[in-house]
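Taking the hints into account, I'd like the entire structure generated from these sequences.
Which chain is which? The protein sequence lines are R and Y, in order. Per the UniProt record's numbering, the very first residue in the first sequence carries number 1; after that it's consecutive. Per the UniProt record's numbering, the very first residue in the second sequence carries number 1; after that it's consecutive.
No wet-lab data here; the hints were simulated from the structure. A hint or two may mislead.
One copy or two, either will do: identical chains are not told apart, so a pair holds if it fits within one copy or between any two.
[As the list claims (entries may be wrong)] Derived SDA-like pairs (lysine to any residue); straight-line CA-CA distance at most 25 Å:
| id | residue 1 | residue 2 |
| --- | --- | --- |
| 1 | K18 | E59 |
| 2 | K9 | D132 |
| 3 | K18 | D81 |
| 4 | K155 | E84 |
| 5 | K152 | D35 |
| 6 | K99 | E124 |
| 7 | K112 | L134 |
| 8 | K45 | E68 |
| 9 | K9 | I27 |
| 10 | K45 | M1 |
| 11 | K18 | E37 |
| 12 | K13 | V73 |
| 13 | K45 | E118 |
| 14 | K45 | E2 |
| 15 | K9 | E118 |
| 16 | K112 | I22 |
| 17 | K45 | F65 |
| 18 | K45 | S60 |
| 19 | K112 | T69 |
| 20 | K152 | D132 |
| 21 | K112 | M1 |
| 22 | K9 | R127 |
There are 2 protein chains.
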Amino acid sequence: MEHLEIERKFLVKTEAFKQQAISQTRIVQGFLNTDPERTVRVRIKGERGFLTVKGASNESGTTRFEWETEISVAEAANLIDLCEAGILEKVRFEVPLGKHMFEVDEFLGENKGLLLAEVELTHEDERFERPDWLGQEVTGQVQYYNSQLSIKPFKEW
Amino acid sequence: MEHLEIERKFLVKTEAFKQQAISQTRIVQGFLNTDPERTVRVRIKGERGFLTVKGASNESGTTRFEWETEISVAEAANLIDLCEAGILEKVRFEVPLGKHMFEVDEFLGENKGLLLAEVELTHEDERFERPDWLGQEVTGQVQYYNSQLSIKPFKEW
Chain R
1 MEHLEIERKF
11 LVKTEAFKQQ
21 AISQTRIVQG
31 FLNTDPERTV
41 RVRIKGERGF
51 LTVKGASNES
61 GTTRFEWETE
71 ISVAEAANLI
81 DLCEAGILEK
91 VRFEVPLGKH
101 MFEVDEFLGE
111 NKGLLLAEVE
121 LTHEDERFER
131 PDWLGQEVTG
141 QVQYYNSQLS
151 IKPFKEW
Chain Y
1 MEHLEIERKF
11 LVKTEAFKQQ
21 AISQTRIVQG
31 FLNTDPERTV
41 RVRIKGERGF
51 LTVKGASNES
61 GTTRFEWETE
71 ISVAEAANLI
81 DLCEAGILEK
91 VRFEVPLGKH
101 MFEVDEFLGE
111 NKGLLLAEVE
121 LTHEDERFER
131 PDWLGQEVTG
141 QVQYYNSQLS
151 IKPFKEW
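Put into C-alpha cells, the structure is as follows:
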C-alpha cells in the first residue's frame, strides 16, 4: 500500500495524554537505510510486522511518499537482525481528539525522555484541535525522524 | 519468503548459451540500499514486481540471507523512483543444464558487454555440470554484485 503521508509532529509537554489514550503498543524497529530520501524501516508493532519505505519530504516537511507492506513477525525479526546499529524501542499511545487520532511515542533506551506526537492529516492545511499537552511543533526537523534517532539518539543531544 | 541463497557466479565466454535458453525476460532494477550487508533491491521482472533484501555473504561468498516479497509493478515503479542513481537493465536467460538452471544476465546500458551466469545450489559443495560457455568463477567478488554494478558500472572498470 502506498500513499502520500501528510502529518505534523510535535514535542509533548506532559504525560497527561496517557489518561486520554485508548491503546498502547510496544514497537521495536530498525532501519535497512536511514537516508531520509529512501528510508527503509522494519517494524514489529505488538504482534505484527511491517516493512515501510519512505521518500524525501516536501519543503514544509509535512508530506512524504510512504509504501508499506505487512510481513510476519518472524520475518521482521530476521530483517531487524540485518539492520544498521541503533534499534529503536518505544511505546505508542493512540489518543483520539475530535476527528483526529494523535499517535504519541514514548521512546525507551537511548532515546528515553523523548516524547513525540504525530497527527495525520488529509491535506496540509487541515485544522485540528490542539490538546494542552501538545508542545512545540517539530514537523520536518530531520533530527526528530526516527531514522535519525537511531543514528544520533536523544541522550546524545 | 526468506531463505539462505546458495549460489555460484561465473563470467560467460560466448553467447552460445542463447541457443540453450528456454526463456528470456527483461529486468529493470534499482537499489534502496547498495550496502552488501543490507542490500534492498526493487525489481521489475517482465510483468512482475519484487522487493528483495539480502544480507552479507559468508566467507566463501556462496551463501547470503535473502528475503523477498512480490509487489505490483506499479508499486515497484514508484519505489524505483526513490532508488539510488544507477538503475540496472538486463535481459535474463534461463538455461537448464542437467538438474540445474543457470540464470545468465546480459547487461545493458552502462554495464553493456558484461555477461554473468549464476547457478543456485542446495548446498555449498553440490556438483553441477559446467557448460562450454562458462568462464571464470567470480563468486563472492563484490564488484560483480548487481548493487555494486549500479554504483560502478562495467564501462568504468
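Of the numbered hints stated previously, which ones are contradicted by the structure, given in increasing order? 1, 3, 11, 12, 18, 19, 20 and 21
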